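Take these sequences, add in the hints, and give me the full structure.
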Amino acid sequence: MDVAISTNVWMLHMATSKIPPPPAATCLISSFSREKPSLVSKASCFSTAAAGRSMKTEPSPNQYSAISSSDQNLSRRSGNYQPTMWDFEYIQSIHNDYAGDKYMKHFNELKEEMKKIIMAEGLEELEKLELIDNLQRLGVSYHFRDEIMQILSSINQHSTSADSLYATALKFRLLREHVFHISQDIFNNFKDENDNLKQSICNDTKGLLQLYEASFLATETETTLNYATRFTTTHLKNYVDNHCGDEENLMVALVQHALELPRHWMMPRLETEWYLSIYERMSSSNPLLLELAKLDFNIVQAAHQKDLRILSSLDEMEILTDAVERWDIKAMEQLPDYMKICYLALFNSTNEMAYDILKEKGINVLPYFTRQWADLCKAYLQEARWYYKGYKPTLEEYIDNAWISIATPLILVHAFFFVTNPITKEALESLNKYPDIIRRCAIINRFLDDLGTSSEELKRGDVSKSIQCFMNEKGVSEEEAKEGIRILIKETWELMNKDQMEELLFSETFIGIALNFSRASHCMYQHGDGHGIQNSHIINRISKLLFEPITIL
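Here the sequence shown is numbered in this note's numbering, starting from 1 and rising by one per residue.
No false leads were mixed into what you were given.
Distance condition first, Cα-Cα at most 20 angstroms in a straight line; then the derived EDC-like pairs of lysine to aspartate or glutamate: (1) LYS425 - GLU502; (2) LYS490 - GLU260; (3) LYS115 - ASP146; (4) LYS490 - GLU222; (5) LYS116 - GLU147; (6) LYS433 - GLU502; (7) LYS378 - ASP322; (8) LYS206 - GLU248; (9) LYS490 - GLU220; (10) LYS102 - GLU291; (11) LYS115 - ASP133; (12) LYS237 - GLU483; (13) LYS498 - ASP436; (14) LYS544 - GLU271; (15) LYS111 - GLU121; (16) LYS544 - ASP97; (17) LYS206 - GLU125; (18) LYS111 - GLU280; (19) LYS237 - GLU260; (20) LYS544 - GLU291; (21) LYS206 - GLU130; (22) LYS237 - GLU213; (23) LYS378 - GLU397; (24) LYS116 - GLU291; (25) LYS115 - GLU127; (26) LYS206 - ASP246; (27) LYS115 - GLU130; (28) LYS306 - ASP97; (29) LYS116 - GLU127; (30) LYS115 - GLU125; (31) LYS378 - GLU325; (32) LYS206 - GLU280; (33) LYS490 - GLU502; (34) LYS206 - GLU260; (35) LYS111 - ASP133.
Now the in silico label distances, taken between C-beta atoms and shown as ranges: (36) CYS202 - SER277: 21 to 31 angstroms; (37) CYS202 - GLU426: 46 to 56 angstroms; (38) LYS206 - LEU344: 52 to 62 angstroms; (39) CYS202 - GLU352: 52 to 62 angstroms; (40) LEU123 - ASP241: 32 to 42 angstroms.
Hints listed in this document are in silico derivations from the structure and should not be mistaken for laboratory results. Remember, it's a predicted structure, so these values are computed and weren't measured experimentally. Quick reminder that beta carbons are idealized off the backbone N, C-alpha and C, glycines included.
What follows is the structure, given as structure tokens:
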């Protein structure tokens with residue numbers, strides 16, 4: 001249980017923290033083809049979970065038998081996780097010069113100068129779009145939200161069709177990212193008489209790259225954008241192959257990076273750390289913006305460091321689940337000693353959070369919190385029962401339970417109450433039914449987790465994951481099953497893109513947290529099990545985000 005929760009908390013924290021510079025340095029928990037219909041029948045395997053069917057929390061009698069809590073001979077499974085390399089003493093000893101007030105005066109001066117540049121008269125539309133794009137990619141756009149929305153609103157109302165593919169795709173992506181309703185028909189000028197993208201754009205690498213990035217904001221019905229993903233991926237891969245070894249070519253670096261993971265799926269802060277070194281080498285870079293972005297990165301990193309410093313057997317799981325469902329301090333007495341500490345910590349911390357929200361917002365959120373913990377424990381218990389009985393769930397059964405056991409709903413519900421103000425009755429009613437934005441995020445996180453961790457988890461002794469369920473159900477190889485899961489991830493992203501455009505009950509901040517949570521999952525599991533194995537990729541990413549300031553000359 002602690003693995004799923006700790007991993008999710010770290011990813012949510014790192015993906016969604018919008019930390020203004022100190023003194024207010026507080027972190028808020030605030031190329032896939034569809035041409036293999038034999039592998040996937042339009043996500044039938046998880047349609048019930050994504051569409052809103054309630055989770056099955058009780059197994060059917062013919063699947064499992066009751067397991068006596070008095071049986072003391074049951075073997076206790078061990079996760080056999082590697083010890084953490086992040087030493088407590090090391091974290092406590094970290095000193096960061098950017099944590100104090102020393103750099104704040106200069107930072108605020110730079111921010112005011114940047115605001116003048118953003119709102120300057122005489123900028124062409126494309127110049128404004130490129131500036132906004134760089135502000136976002138360099139991680140400082142949150143300082144200029146009002147100015148950016150003012151510019152994009154004007155462009156949305158008064159803009160005419162752009163001549164170049166690059167400008168058209170950039171405008172489309174930025175407007176859609178900011179939830180302006182813009183149609184895929186904007187790309188009709190670049191299609192031939194057969195409704196396919198023109199071959200004449202194949203050598204426009206800059207335009208293809210922007211179209212590739214824009215295509216990942218598609219919804220499930222936007223065939224032009226879905227086709228554009230495949231079209232641009234093919235030609236961008238050819239471009240990289242033809243320029244292999246050209247390490248000084250910035251366009252090659254940009255294309256390679258995009259093909260690894262599109263920006264819409266990338267964890268924003270990691271993107272900033274990478275792009276800073278690219279932007280610095282660009283002849284068109286703005287020195288003021290570059291300095292501002294470096295300083296902001298280091299100040300935010302210092303705030304994260306401050307936060308870091310503050311920071312069973314089946315029968316016992318049955319008892320713990322019962323205790324959590326009852327939410328009664330007296331229930332602790334029936335728990336084994338090692339579980340009492342866990343339960344008491346959960347009980348006290350949850351009640352404390354509920355108290356703080358009641359005091360600040362006048363809403364009793366304890367029933368929402370306790371329900372989340374009870375649902376999570378029941379989902380874990382379901383998986384434990386499957387394991388001990390040797391039961392192999394169908395893919396649909398697995399997902400119907402696993403989108404809860406990934407712990408994403410629990411964390412997003414907690415985040416909702418901390419970042420939402422005011423909290424409406426309609427939002428609360430929707431939250432209690434698990435709205436689509438939470439379900440989609442959880443399903444993406446579960447699939448990504450399984451792609452990255454299932455092999456190692458099976459070795460440690462765990463229930464079949466979505467990969468194995470897919471293999472058993474479809475009669476395909478492991479690689480084919482993984483490709484099928486990747487297709488489902490893309491399809492679920494398309495549904496979540498639609499949710500972002502249509503969701504009216506939840507704030508832009510909360511929806512952003514859900515999107516960034518899935519982006520963080522992509523980064524955590526992009527190169528395998530980024531939590532349990534601590535591979536070099538994740539160690540490098542964590543080090544750059546949390547412990548290595550950007551050099552400012």
